[in-house]
Amino acid sequence: MRSVRGMRVVSVFAVGGLALGAAACGEAPSDSNAGGAAADKYTACMVTDVGGIDDKSFNTSAWAGLEAAKAADSNIDIKYVASKAQADYEPNLTQYVNQDCDFVLAVGGLMGEATSKIAKANPDQQFGIVDAKLPESNVFPMQFDTAQAGYLAGYLAAGMTKTGKVGTYGGMKIGPVTIFMDGFADGVAQYNKVKGKNVQVLGWNKATQNGSFTNDFVKQDEGRKVSDALVAQGADVIMPVAGGAGLGTTAAAQTSGGKYSVIWVDVDGCQSTPNCPALMTTVVKNITDAVKDAVVTAAKGEKLAHDPGFLGTLANNGVSLAPYHEFDSKVPAELKAEIDKLKADISSGAIKVTSASQPK
Amino acid sequence: MTDVNESGSPSPEKSPVGQRSGAEAVATVGEAERSAAGSASGPAESGGTPPGGPGAGLTDRDGGGQQLLRMFVQNLWSANTVTVTVLAIVLATLIGAVLIIVSDPDVLATWGYFTAQPSDALNASWAVVSEAYANLFKGAVVDPAAVQAWADGTGEWQPVFAPISETLTYTAPLVFTGLAVSLAFRGGLFNIGAQGQATIGVILAALAGFLLPLPPVVHLIVAVLAGALGGAIWGFVPGFLKARTGAHEVITTIMLNYVSFSFLAWIIVQNGVHEPGRPEAISRPVDGSAQLPQLLGSDLRLRVHLGIVLAVAATWAVHWLLNRSTFGFELRAVGANPDAARTAGISVGRTYVLVMVIAGALSGLGGANMVLGTTATALTPLVVAQIGFDGILVALLGRVKPWGVALAALLFGALQAGGNRMQSYASISLELVTVLQALIVIFIAAPALVKAIFGLRAARAARLSTSMAKGW
Numbered sequence: 006m007r008s009v010r011g012m013r014v015v016s017v018f019a020v021g022g023l024a025l026g027a028a029a030c031g032e033a034p035s036d037s038n039a040g041g042a043a044a045d046k047y048t049a050c051m052v053t054d055v056g057g058i059d060d061k062s063f064n065t066s067a068w069a070g071l072e073a074a075k076a077a078d079s080n081i082d083i084k085y086v087a088s089k090a091q092a093d094y095e096p097n098l099t100q101y102v103n104q105d106c107d108f109v110l111a112v113g114g115l116m117g118e119a120t121s122k123i124a125k126a127n128p129d130q131q132f133g134i135v136d137a138k139l140p141e142s143n144v145f146p147m148q149f150d151t152a153q154a155g156y157l158a159g160y161l162a163a164g165m166t167k168t169g170k171v172g173t174y175g176g177m178k179i180g181p182v183t184i185f186m187d188g189f190a191d192g193v194a195q196y197n198k199v200k201g202k203n204v205q206v207l208g209w210n211k212a213t214q215n216g217s218f219t220n221d222f223v224k225q226d227e228g229r230k231v232s233d234a235l236v237a238q239g240a241d242v243i244m245p246v247a248g249g250a251g252l253g254t255t256a257a258a259q260t261s262g263g264k265y266s267v268i269w270v271d272v273d274g275c276q277s278t279p280n281c282p283a284l285m286t287t288v289v290k291n292i293t294d295a296v297k298d299a300v301v302t303a304a305k306g307e308k309l310a311h312d313p314g315f316l317g318t319l320a321n322n323g324v325s326l327a328p329y330h331e332f333d334s335k336v337p338a339e340l341k342a343e344i345d346k347l348k349a350d351i352s353s354g355a356i357k358v359t360s361a362s363q364p365k
Numbered sequence: 003m004t005d006v007n008e009s010g011s012p013s014p015e016k017s018p019v020g021q022r023s024g025a026e027a028v029a030t031v032g033e034a035e036r037s038a039a040g041s042a043s044g045p046a047e048s049g050g051t052p053p054g055g056p057g058a059g060l061t062d063r064d065g066g067g068q069q070l071l072r073m074f075v076q077n078l079w080s081a082n083t084v085t086v087t088v089l090a091i092v093l094a095t096l097i098g099a100v101l102i103i104v105s106d107p108d109v110l111a112t113w114g115y116f117t118a119q120p121s122d123a124l125n126a127s128w129a130v131v132s133e134a135y136a137n138l139f140k141g142a143v144v145d146p147a148a149v150q151a152w153a154d155g156t157g158e159w160q161p162v163f164a165p166i167s168e169t170l171t172y173t174a175p176l177v178f179t180g181l182a183v184s185l186a187f188r189g190g191l192f193n194i195g196a197q198g199q200a201t202i203g204v205i206l207a208a209l210a211g212f213l214l215p216l217p218p219v220v221h222l223i224v225a226v227l228a229g230a231l232g233g234a235i236w237g238f239v240p241g242f243l244k245a246r247t248g249a250h251e252v253i254t255t256i257m258l259n260y261v262s263f264s265f266l267a268w269i270i271v272q273n274g275v276h277e278p279g280r281p282e283a284i285s286r287p288v289d290g291s292a293q294l295p296q297l298l299g300s301d302l303r304l305r306v307h308l309g310i311v312l313a314v315a316a317t318w319a320v321h322w323l324l325n326r327s328t329f330g331f332e333l334r335a336v337g338a339n340p341d342a343a344r345t346a347g348i349s350v351g352r353t354y355v356l357v358m359v360i361a362g363a364l365s366g367l368g369g370a371n372m373v374l375g376t377t378a379t380a381l382t383p384l385v386v387a388q389i390g391f392d393g394i395l396v397a398l399l400g401r402v403k404p405w406g407v408a409l410a411a412l413l414f415g416a417l418q419a420g421g422n423r424m425q426s427y428a429s430i431s432l433e434l435v436t437v438l439q440a441l442i443v444i445f446i447a448a449p450a451l452v453k454a455i456f457g458l459r460a461a462r463a464a465r466l467s468t469s470m471a472k473g474w
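First to last, the sequence lines map onto chains A and B. Using my numbering, read the first sequence as starting at 6 and increasing by one per residue. Using my numbering, read the second sequence as starting at 3 and increasing by one per residue.
The reader is advised that the hints may include incorrect statements.
Said to hold, decoys possible - With beta-carbon atoms standing in for the labels, derived distance ranges:
1. B:I444 with A:K308: 50 to 58 Å
2. B:I444 with A:S261: 41 to 49 Å
3. A:D226 with B:V261: 46 to 54 Å
Said to hold, decoys possible - Mimicking DSS-like on lysine-lysine, the simulated pairs with C-alpha atoms at most 25 Å apart in a straight line are:
4. B:K403 with A:K122
5. A:K84 with B:K140
6. A:K348 with A:K198
7. A:K61 with A:K224
8. A:K46 with A:K348
9. A:K198 with A:K84
What the hints assert, rightly or not - In silico negatives: residues of chain B with every beta carbon more than 12 Å from chain A:
10. V130
11. L231
12. I348
Hints are computed from structural coordinates only; laboratory data are not their basis. Computed from a prediction, not measured in an experiment: that's the story for all the values here. Positions of the beta carbon are idealized from the N, C-alpha and C atoms, including for glycine.
The task is simple: from the sequences and hints, build the whole structure.
This is the structure:
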């Protein structure tokens, strides 16, 4: 009994060894020079919020910003940690301070409290935060007035609809989501005013701040359910502001054979979704460039000014309308020109876009 | 078999030992029975100890110290609870090491020319694995560098205790949810709803924390009790449904988890709850008077708070409840065999409801910990983290015994705290910690596997697997 088991163990090792031997016959690299010293590099360290690094939203964009910063300046070293829960924010921030990171980036307004605490305790440490502004002067704020770009998207949607109805829905009724929808509704209203039309917005009422929500940023079937309801009511342009849940809508739109189309948000949908043919355009929130600029500037030794911080607008390209891609030929040149004019007007301040959720 | 025996006497530890000859050598009656049953069923020859027949093991024990030692060695290398648990952790660590090596492309590349230059592969693998586990240890227990700095006078004392403080911070809520799951388990109910009960607990605790204007100490007590009440309500529902209609508690508790999560997401953005002027889904913060005080001063690095003390107290209370109280006796009787319990005059329905209410209250306390402690002070959609689901693992790892649960929670807390550092310092994904936790529980749930790998004697293995499988 015992000896049989022993044999079995020996044979397992023998077979494993053979397999390993067969796979491990490669040549050893002849040269083994040690990597250059990384001691005096500028390290930028990012703590994700609970969405994780692959959230296809602000965590992903912010990390892309750090990667871009590294590509732009070889003296920059980057790393990140993922938070799994609220409780992880503080230890993750603290440990990066302990590791002498030069720039500690917090992503998302929910990290505000933790970042505030740690920044107060470490006044000489440079922090940065996306989507929030904290009172501590060593935390560089990066905020985005996405209502401005949403306004352009609303105008475009109103100009493109054939049914006279456009729709939008959100992932959750919170500021960073509804600000897109406010801008969208205002853009449609502007179109109606200028053209004397009566295009309706389904799924969001700016005045009462009520509308359609999936209450989820991940589940695609939830997104599809809501957009199907909007389409059933006659909408033929939909803007989902629900992160990954919106993918349910883009996929359905692509299979609908042009019955309705989608305006994506955050990152150009032709890069971040597989449904480019169904996408009219994207309301871009340019977190990537904001993070990149902040880190590159700080790495040069320049001070990042807490006031005013960074506020992404159409004027500084912090928010924008992405290229039309496959809709380029379908959008009338006249409408394109009107949108370019609107963009210039908003940039110059001739037109003011307002939203209850705008960063102050 | 053993369970019925245990519940047959209200306090197994105090049972008259003299009734059985030769049982003095071991602490409890149950213990002796198990090892006797083990040597009857398994091959006693393994492990190099002299063969003792099934009967001989029981009767020859009066032989003195040598026999005692032999028995100890025999027991140590038989598949008993402690040995299997320790070996399960060892196995999980080994597999974790393989995963660390495989997931690092640079190290994996060195294995490609293993035969040409084996030292490269071995050194690189050792470096990455040892760095990962060293950081796991430094983040969970103590960082020698910090001790050194403190001894030299160049550092402060706080960093020395910070890892332990982190471990205890993560441990406290897991103790509560682990107890909630194991208590229900002992009563024959599989409580998957600890997550939902903790969620309702966190909501009520937070509401009490910022809506009620109360003086300092009273406010904290009220907020903690509100958390317990919330959990109790959420536990009452499935308990009541089970008692009255026979609805299976696994189904009802899972469904109530969804309800509670959506309720949390909804209530955060309501007027009066939502923090004015904040665009995110975050509630008003809990008043300072309702926060659990930190145990080691107000330093940010030492987050351990009163919650861990409450957790230990709760462990003691559950232990007392299970083993010393009449209700605990009824609970175990119902868990062992509801029909027999009913015949004996115990109200099974009432017991189910009470078990779920108490389990819910425990989970609710765990939830209260998450918002009244130092980890968060306001409601957000993910404020509860995964404590309810982790509680199920903790309960299984702790063998559904109160102090076992406390120790299992300590291990999970340590893995969590160490995992944070491992991720931050050694760039090993936090998911590895989840994998380690899962592997440990898998090995524990499959003692036969551990037994086979290490060639343990079969003692008690049968009982282990039945105790894990019961109630599902």
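Taking 12 Å as the cut and beta carbons as the points, is B:I348 off the interface with chain A? 40 Å, holds
A cut-off of 12 Å on Cβ-Cβ distance, and B:L231 was said to be off the interface with chain A. Does that hold? Fine: 23 Å to the nearest Cβ keeps B:L231 off the interface.
Would B:V130 pass as off the interface with chain A, using Cβ distances and a cut of 12 Å? Its Cβ never comes within 12 Å of chain A, the nearest being 15 Å, so this holds.
Holds or violated: A:K198 with A:K84, Cα cutoff 25 Å? Violated: A:K198 and A:K84 sit about 49 Å apart, past 25 Å.
25 Å limit on alpha-carbon distance, applied to hinted pair A:K84 and B:K140: 20 Å, holds
Regarding the pair A:K46 and A:K348, is the alpha-carbon distance no greater than 25 Å? Roughly 40 Å separates the two Cα atoms, so the pair is violated.
Agreement of B:K403 and A:K122 with the hint, judged by alpha carbon distance not exceeding 25 Å: 39 Å, violated
Could you check the hint for me, namely that B:I444 and A:S261 are 41 to 49 Å apart, CB to CB? 45 Å, holds
Hinted pair, alpha-carbon criterion (25 Å max): A:K348, A:K198. Please report holds or violated. This hinted pair holds, its Cα atoms lying about 17 Å apart.
Okay, A:D226 versus B:V261 on CB: inside 46 to 54 Å? 19 Å, violated
Cβ distance range 50 to 58 Å for B:I444 and A:K308, holds or violated: 53 Å, holds
Between A:K61 and A:K224, is the straight-line Cα distance small enough, at 25 Å or below? 13 Å, holds
When held up to the earlier numbered hints, the structure conflicts with 3, 4, 8 and 9 and fits the remainder.
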